[in-house]
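As a plain string of letters, each chain reads:
Number of protein chains: 2
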Amino acid sequence: MEEIIQESVSYSTIRRLPLYMPLLKAALDAGEQSISSAKMAETLGLDTVLVRKDLASIGITGQARLGFPVRELIEGIERFLGWDNISDAFVIGAGNLGRALAGYAGFEAHGLKIVGLFDNDPTKFGKFIAGKPVMELSKFPHLVHRMHIQIAILTVPGIDAQAVADVAVEAGIRALWNFTPAKITVPENIIVERVDLAASLAVLSSRLVSTARAAEYRQQKNL
Amino acid sequence: MEEIIQESVSYSTIRRLPLYMPLLKAALDAGEQSISSAKMAETLGLDTVLVRKDLASIGITGQARLGFPVRELIEGIERFLGWDNISDAFVIGAGNLGRALAGYAGFEAHGLKIVGLFDNDPTKFGKFIAGKPVMELSKFPHLVHRMHIQIAILTVPGIDAQAVADVAVEAGIRALWNFTPAKITVPENIIVERVDLAASLAVLSSRLVSTARAAEYRQQKNL
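As given, the protein sequences belong to chains W and Z, one line each in that order. Just so you know, we're using the working numbering here: the first sequence kicks off at 1 and counts up by one. Just so you know, we're using the working numbering here: the second sequence kicks off at 1 and counts up by one.
No lab work stands behind these hints, which were simulated from the structure alone. We put the CB at the ideal spot given by N, CA and C, even for glycine. A hint or two may mislead.
What the hints assert, rightly or not - Going by beta-carbon spacing under 7 Å, a handful of chain W positions derived as facing chain Z: (1) Tyr104; (2) Lys113; (3) Gly172; (4) Ala198; (5) Leu201.
Kindly generate the complete structure, drawing on both the sequences and the hints.
As structure tokens, then:
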């Protein structure tokens, strides 16, 4: 029934789960065997009820007075998020962003290991980025098959995103982490998760422009 | 009245605006003076009505038969998003992610230039990442003031995020781009925009785990 529990967990709970790990690991390091939902809630700035709901939704409940078992929580979250079983991933697009992500070691703690990059620029073939080879895109399907890769990270220009996603899906990739500015369409059984840095920066800078103009306007009017 | 127009523009419109730029620039390069909302909608996979609404909300309307003026659209979006006026930014946290972002040249096209990094690890002081100096955090307030920096990019561990945000706000930073896994609390007049890579990866990998388990279950039951 585990997969049924898993499928019913809300998007926002899943997004919050990584937040619990640093404080649980700190508690473990300090030799604490259990932790209260009130303490977790306070440290994370969340509501206690929400904390209990998050942990219950992955099948872990606390006990009155005792609280939640720390080690069980860590293992439960790791298992739920697949962090106990590191997945290899390919990056498609060895431009600035692809190179930056390939050089970022932080993903390994979260169960993701980038093992190679692909590009269609021959001047990049055979080079290494953070120890990972850059290969030509035409070899992608063969290597996905041979290395049992399930995750592709897309860092190509937006205009190429759909074509590259099609290649990845055709090759047998099951999950796409889309860092391009484009929306992509994939078959229903393929997982897509998007991080749109340009959109996030657009929000930040437009709000900065807007407040600067408002301040200027007030100054001009001597308000 | 410009700031009033700006403030009424929806979050989702702002996030979509960067999408228009590559196709507008391609049209400009091809010598086209105007472009129809239908063509933009088709290229981007958006609804035509939504495209007209997006562009109207930044004060640009098309003309029947003629469509939208390409150059005016480009300038309008650049002005709206502050891309016509590159902002310098500091990164706080010269770990893996901070280094990756500092090395990513793609932000400059979007009006953001990283000019330095700060950390509290003395072994990093005086080093350069992608040509940008790593400095000690205690010098941050002085340099924010001297260089008129308005944007700080936070890439510290989640547990340090609030303390570092407090330092940044106190130093006069007006916008925080928060890449840490933590939520931060700031005064009302400070802009915060968050990119939570760990949360995004959690969604991706939990869904991958979930579908893998469902497949295993079906196989066991010979379904």
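Results of checking the hints against the structure:
1. Tyr104: holds (4 Å)
2. Lys113: Not OK, violated: Lys113(W) not within 7 Å of chain Z, min 12 Å.
3. Gly172: Status violated, d = 13 Å.
4. Ala198: Nearest chain Z Cβ about 4 Å off; hint holds.
5. Leu201: holds (5 Å)
In summary, the numbered hints that this structure violates are 2, 3.
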